[in-house]
Structure formats: C-alpha cells, structure tokens
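Chains as they are written, first to last, in my numbering: chain A, 1 to 481; chain B, 482 to 971; chain C, 972 to 1066.
Think of the hints as simulated: they come from the structure by calculation, not from any bench.
Errors might be hidden in some of the hints.
Have a look at the derived ranges for each label pair, beta carbon to beta carbon [stated by the list, open to error]: (1) C:G1019 with B:H714: 33 to 41 Å; (2) B:D898 with A:D184: 56 to 64 Å; (3) A:G110 with B:A816: 54 to 62 Å.
Predicted, not measured: the structure shown is a model, and the values here were computed from it.
We treat Cβ as the ideally placed atom computed from N, Cα and C, and that holds for glycine.
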Amino acid sequence: MNWEPVIGLEVHLQLATRSKIFSGSATTFGAAPNTQASAVDLAMPGMLPVLNEQAVRYAVLFGLGIDAEIGRRSVFDRKNYFYPDLPKGYQISQFAEPIVGRGQFEIVLGDGTSKTVGITRAHLEEDAGKSLHEDYHGQTGIDLNRAGTPLLEIVTEPELASAEEAVAYLKALHSLVLYLGISDGNMAEGSMRCDINISLRPAGSDTLGTRAEIKNVNSFRFVEKAIAHEIERQAELLDSGGSVVQETRLYDAERDETRPMRSKEVATDYRYFPEPDLLPVVLEESLIEELRATLPELPTAKRQRFQDQYGLSAYDAGVLADSRALADYFEAVAGTCSDAKLAANWVQVELLGQLNREGLTIGDCPLAPDALGGLLARILDETISGKIAKQIFEAMWQGEGDADSIIEARGLRQVSDSGAIAAMVDAALAGNPEQVAQYAAADDQKRKKLIGYFVGQVMKTSKGQANPALVNQLLAEKLPD
Amino acid sequence: MASETPVTASSLLEALDQGRCSAEELIRDCLDRIGAVDGALNSFITVDAEGALAAARAADADRAAGRAGPLAGLPLAHKDIFCTEGLRTSCASRMLDTFVPPYSATAVQRLATAGAVTVGKTNMDEFAMGSSNETSYYGPCRNPWDGDRVPGGSSGGSAAAVAAGLVPAATGTDTGGSIRQPAALCGITGIKPTYGRVSRLGMIAFASSLDQGGVMARSAEDCALLLGTMAGHDPADSTSAREPVPDYRSGLTMALDGLRIGLPRRWFDASLDSAVGDRLRAALGELEARGARLVDIDLPHNHLSIPAYYLIAPAEASTNLARYDGVRYGHRCKAPLDLEDLYTRSREEGFGAEVQRRILIGTYALSAGYYDAYYKKAQQTRRLIRQDYLDAFTGVDVIAGPTAPGTAFRLGEKIDDPVTMYQEDSYTLGVNLAGLPALSLPVEPLGGLPVGLQLIGQHFDEARLLALAHRYQQDTDWHLQAPPPPGGAA
Amino acid sequence: MSLGAEQLERLAALARLRIDPGEAPALKDALERILGLAEELAAADTTGIDPLANPLDAVQPLRADTVTESNRRDAFQAIAPAVEDGLYLVPRVVE
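Next comes chain A alone, as it looks inside the complex (with noise of 0.2 Å):
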C-alpha cells in the first residue's frame, strides 16, 4: 500500500543560561562528573528550587518569535518517575499551563516552497542527569552535572509528512534559536535534542495510525536517517499485515535501526500534579514587552527583505540569512561595495568556500566585512578583475593587508590603457595566423570558443591584468569579419 508518514516533533533545546533552571550550579559542559551537582540538583532533603529569571525570559523569547500566546500565568507541575538520573523521583515540568501556547513557524523546503508549521505548546523543564553504561563491575555510574539544566521543550502538531521536512523544521529551528540567542544550539554536546513521533496511515487517509515515538536523537543526520528506518519498519509491518504497537524507540546510530527501549516496560503513569514547591509564574506585560523590543529581525523577515531590498533570488537570501551572523556579515560586505549581488557572490562561494574548508564559522571568520568590501570595490571600479580578485581574497587571508595595500606591492592593478591592450592583442593575432584563418571561416558558436581561446593569450600576456571588457572589445575590432 501507499503509506503516508504524520510525524510530530519534540525538541528539548538547552537553554544558555549561565547557572541551572532551579539551582545556582554552573551549566558549563564538560566538567568532571557530579563537580556542577548542588544539594538542589542531588535532591538532598530538605532543598527547594527557585526559578531562574533568565530561562522565563528565553522561553517567552522564543514564544515572541514564533508569534505564539505567551501564557501570562504558567504552573510548574511534578512529572514522577523514578529513575537513576532523575535525583528527586520527579521532573519539574510544565503540564496544564505552559509559558508557550500554539504558534507557528515556517519553514524552507529543497524545492523552494514553504510550509507554515503548528507549533503546539513549548514548556519550561529541567533536564536529567547521565547514565553512563561504561562498565563499573557491572554497575551504571551516574553523572548529575546536567540535572537541572533548563530545557524549553518545544512540540510540534503532527504535520510534518517526511524527513525532509522534519530535517527542514529542525534546520530553521535551529537558526532561530541562534537568532534569539537563547541556547548555543551545540548539538554535539546535546543543546537540542529530539524525540520524533511517527505514524503512518494510507495515502489521502485523515486518520492517524498507530504511532511509535524515537527518543532522543541528537543530529539532523540521525533524524533523517531514523526516520528513514521507521518509515521502512512501520511500512513492512503493516503491509505483512501486523500493526505497530505504540512504544517508545531508540535509534541506534551505530547499527542504523530504531529498538524498543527496554527502560521503559514498566507502565508509566505519571501523575501531573501541580509541584508545590514553586508558585504561578506571573508575567507582567512590561516584561514581555521589554523582551518583545528586543527581538532582532528573524530569518523568515530577513529572507524576504533580501529578496525585495538586495533583488536576491528565494535561494541566496535562504543562504545568507541563516544564521544571523552571516547576514549581517553580508549586509556589511554590501554595504561596504554597493553591490548586493556582488557581495552575495563573494560571501556565498568563496568566504564560505573557505570557511568550509578551514572548519571555520562565521564568527570565527579572520577577514573584517568591510576588508571583503574593500575588495569588491576594486572589482566594481575596475581596478582589478574577478579573477585577480580571487588572487587578493586568498592573500588577504592569510593576513596579508588590505585590497589596495596588496594591489600595489603585487602591481596588480588592471591594465585599461587601449594602447597597451591593442598591442597585446596584435600580437596574440600575430602569433596565431591558423586560429585567425579557422575564425574567419567558422560559424558563431565556432567563432565564440575561439575568441575566448584569444582573451586566453592575452590575458597571459598581460598576467591577467587586461581588462577582460577592453579585450573583447579590440578582438572584435581587429579579428575578420
């Protein structure tokens, strides 16, 4: 049969905040195990949990950028469960009245379409600490440094119908979160992770199957690749003519398949109730405000004024406007130049060219805006060619100077005086009587290669230096007709 796949997201995003959610202990990644682990975050008797004002303004922050209703009063409830990394038996959560209510969000695909995505509901929560399996004579060690990291727990309806879209609504989820600067996004070290929901139900059918739920997926790659594998399982299941059972998954990124998680057999009930030890968070409108003036410009607004103000095409102003230090890498790079295009060239093809290929982000990018600006005026006025130009942005790299200083100790300037090229030019024809002879008789597009082949003579003549226009234009003069 034609299966559809419905599929809901859950992201559980870090949130950069200097100390825990509940306690005052650091969150910094990767110190020694249990060293960023208070009497709070132990659950020793007797501790109570304060809620950091910060991890409340990067929720209503993010709720602010996806246009959604900020909830005025949210409750924190207990979630209980008891497990090895979860010190008190409970997770403090947010269950009937969450910061974050229904909002939107809309995402890029590979064809250039859009599509809006429902946001349900995003929470505050605290995360849990690690189990680490290595082999303690048998035994599990637990690691606690991570209990009580904030978390925004950001859940999507099940609207989503392939890993594509998936991939694409994590991808855009990410750059916005990076936009607002509410969590560094590492998900190397487990800043945004993903529980992903799947189902599949006959194509054009509008009732949802039977779904399994993939916890914890820590890579757009894995997300693409698990639910590849679920698509496939849940596909041959029912089509033998089995049902999917509803449980929880893990996808195993070293043998690429999604298992049942044997942790959670026992029958969970969780038992929401209100947690007692925190009160309503209020939020006055003056604080949302005040945080509502903050926001910067988002990617999807972005991407749109790089179309109508740059006349950027639907796929550069994607590019650029994805992260929020590019785009205003790019903007200063145009402003600089005075020429957008130009500037989205040069940004998209060889500074992240070379980015790439160095390992580097944009942030740690060696080259100043206005120092790539620089350049790209001299191309604009002439000075030099774009292909002289490639020459100068490699020198400029390795820290060499700017533009003009390296112009002039390299005596690269561009050659423009008609004389001088009309002699290069008489020589190039000179030098090469059988392609003046197969121009003469050839047919245009014949005609074509081989005036490039002359631009190529002179050009090496000149070390590059000729005006390519001044060139083609002499060639046309002085070739036969």
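Given the coordinates of chain A, work out where chains B and C should sit on it, guided by the hints.
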C-alpha cells in the same frame, strides 16, 4: 528536679545577661537532666553533648567579648526533621538513620547565628506522619505527665523535652497539627506560624504546601522570642513570604480591648470530650472577663478538612519521598539484584508502615483516572475551607477552639486504626489547609493531664495570637506547671 | 470503596514499594477506610471552584541567573552508599 517551677527561655537569657550563670553551666545542666530522664522518656533521637558544650563555651566567650547574639547560650533542641550540618538528621526513619547533612536548615542557621545552642535532635513520628510519635523508627516518645500515654505528634519529642524541662524550648513543624497537638497534650505553648513565615529550606518535606516550622516553649513570650529569630523571607524558598516580621516580643503588650474571638459552633459539640470543653469554656470566660468578646461563628466546610487533608498531604508526600531511592544518600538495601530491586527493597526496608501507607494513598490520589475525583476535588474543597476562615475573619479577630478532641491517649490505643488516629487532627487540619497561623496554650489540666486551647489568627497575624496567649499567661500559671517527676514520686 | 489486589500491586509498583502478602489484607482494609473517608468530599459543591494548590495567593519569585554554588562533591559523596570516580553507582541500567 522536674517538679520545680520550669525556667523559661526568657528567664534563662536574663540570667545569662546578668552573669548569674554561664552558657556552659546551662548546657551541662540540660545534658545531666537528659541523661537522668530521657532513657525512659525517649524524647531525643540524638544528643550532641560535645557540639553543645563547644557552642556554649563559644557563646560564653562572645558574651565576655560583648558580641553575644540575642539568644547567646540558650539551650535549644531541634525536631529531627530540621537538617543540622554535621549532626545526624534522621526524620525518625530508618531511611535516614545514618544521614548526616552537609548543610543546615535556614531556621537552624538563624537560631545558631543568634547564639542558640543545639543540644540535640528530638524524636518525632517518622517523616512527621503521625499524631502520637509512635511511628518513630527510634521507638515512641512518652508523655512526661503519664509515661503510659503518648506526647502527641508528630513533634512529640520536642513537646515532651520542653514539658519535662530538658530544654527550655524546641523547634517543631506542623503539617496538620504537629506542633499544636503535642503542645496541647504535653501542656506547653506551641505556635505554628502562617504558611511561608518560616523558611522550609532544610526542613525535610512531608507535604510542601502545608509544612510550616514553628516554636514549642513554655510561654507565649518564649515563642515570640524564638519565632522572631526564625521567621523572615528566605530567597532560597520560593514559597517564603516577603511580609516584614514584626517585633513579636514588643507586640506582646498590644491592646486587646474589644478583641472579638470567634467560636466555631460545631467545635464545641458532641465530638469534643465534654470535660475538655468545660476547661476551654472556662479559659475563654477568663479572656472575656479581660475584655474580649466571644462570638459564635460557622466554618461550614471545616468538617471536610480530614478527607481533604488526608488526600492532599499523602499526595504531596508520595512524591516528596520519591527521592529516597538508595542512590545518593540514605538507606540502601544490601546486594541489590537490579535497579528495581534497589529501589523497592531500599524503600520497603527504609520506610515504616504508616509512611508506606501514606505513599500508597498519595500515589492513588494522583493516579490516572482518580486525579479529578480525589486530588483535584480535595484541592477545590481546600479553597472552600480557606474561604470559610477568610469570611469568618471579616467579623472576628481571632478564632478559638480545642486543639485536640481529648487529653493524651494511651500508647497503642489508636495506632492500629489510622482513621481514628486521623480524628485527632480534626481541629488543626483546616488551619494548615488555609495556611493560617495558630497556637496552642495550656489551660487548666484535666485529671492530671494537660488541655490545650487553640487560637487561630489571620494570615501573618501571629503577633495578636502571641499577645492574647501572653495576656492569659500573665494572669494564670498553667503554662508553668510541671509534670510529676519520673517514677511517680511526688 | 474497594481496592482490587491488582490495583494495590500497581500502586506499589508505581511507588517502588513491595507489599508483603501477609500484610496485604490489613493494608487493603486501611487504604479502603482512608479512601472511604475521602468520599465525604462528594458532599462539597465544588462546581466552578479552582483548586487551591497553595494557601497564599503569591506568585513565583525569580532568581537572577548567577552561579552561586561551588563544587561540594566530596562532602556530598561522603554520605553516598556507592560511588566511584565521582559517579554514583547503581545496578546496571539497560536502555
């Protein structure tokens, strides 16, 4: 010795101030009396002789150097529910039999900073779950007035230790009457402040929305003295109140003329021991004679306090006690087979029967399909109960009634029947559900056993309760009566 | 109010307690009596009444985002039943 007129905390501090005795002498005296009496009484779980003597000597040195805190050298006992850094804090449970906290409760810290000296940790019902002190892992504490009877609970050890003159004052906690009922049964004064008045940080949780720390002492004056030190906002407790703390001691002399005292009609009906009722009416008559006006009132939902409380408190307790899993501290079973065995056996071995019963009830009240009918219904009823009190306070300043339905009962009399035991709390639970302050003070005893009068105030109106009790204690000496010495010899 | 044996088992499993078969009848009886008590609540008309989770109508205070805790692992782990290399040990957990 125990039949001497007991010394109050206030008089001891006066003696210290005037140099009539040293803190070290006071502590040695306390330790001697504990050594002599407590084998039979069992009011202490842990006595910290060494630490107390060191602290007393430090207090003497501070006093000599002119930098003594207001309570410098005052001997004090803490209910074993308050965490004391470096001193075993068991909550009267096998689960925490070896638990030595690396931190102190805020209330303990504040009293220590003021110079009070911790003599030891008092007996209690396990995790404060009980009204008789019989659920303690360390065996029951006995009532100093009659060793065959219970001291009440859960703060039974604190009440008995103060009543027996082992310490002038002690801390207690009150979730459903656990300060007031033992104070009543042991003939001392005990105050449970407004919810949020005393920080809960470091106070081992039973039911978070009901728990409140307070003071158990001879007199209202002593309660005022200690409460003023313990109370106040604590930023580490989200539910801690920001209301400023008045000077309770200077408030003791506030004018009370024309004070309206509300008497809930149904509290003086057949459910109350009639002789106890007579004693309470006599005391109320004396207050009336001193200018108070007695007004009948109704608290139409208060009789639902027992079912509401016995769902809400176990529900909160069932999850508050989930942290005791044998992983990070506390009892861990021997040679666990697997994780489930570690959890189940550690908890089964670590918790006593009443604690397990309440965990199961609480788990039930919160479980899927029952939440609305039990937990939610109880919390809705709680609002009605609170509203009754708020409505009553539009017409009266204070509400008065019994603390307990009778005098101290015999050991073993009610322990096998939880529902009968729960009736013991019928006059006290509503106060916790509503978060109000209340105190119990001793009136004329009955058949050699103490009787307590309960005074309930509006939120944050502790000062008026203390002043009213103080007024009564100025003219009577029931609060200064001591139990007969152990062994029955007069 | 009657609790089935299965229900009792499930409650015990959720609470990570074990019910001694010998004590089960007495426990069942006690629990049923307590829950029976709870049925008195039906007498209260709570239509449209908000649950009261906390006796004071206060709102949650917020803490500034500063690190105030230092590493006290040694003190905390001195009272732990089983630790190694700074980790708390539990019987092997299989995911």
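Tested hints:
1. C:G1019 with B:H714: 33 to 41 Å: This hint holds: roughly 34 Å between Cβ atoms.
2. B:D898 with A:D184: 56 to 64 Å: holds (59 Å)
3. A:G110 with B:A816: 54 to 62 Å: holds (57 Å)
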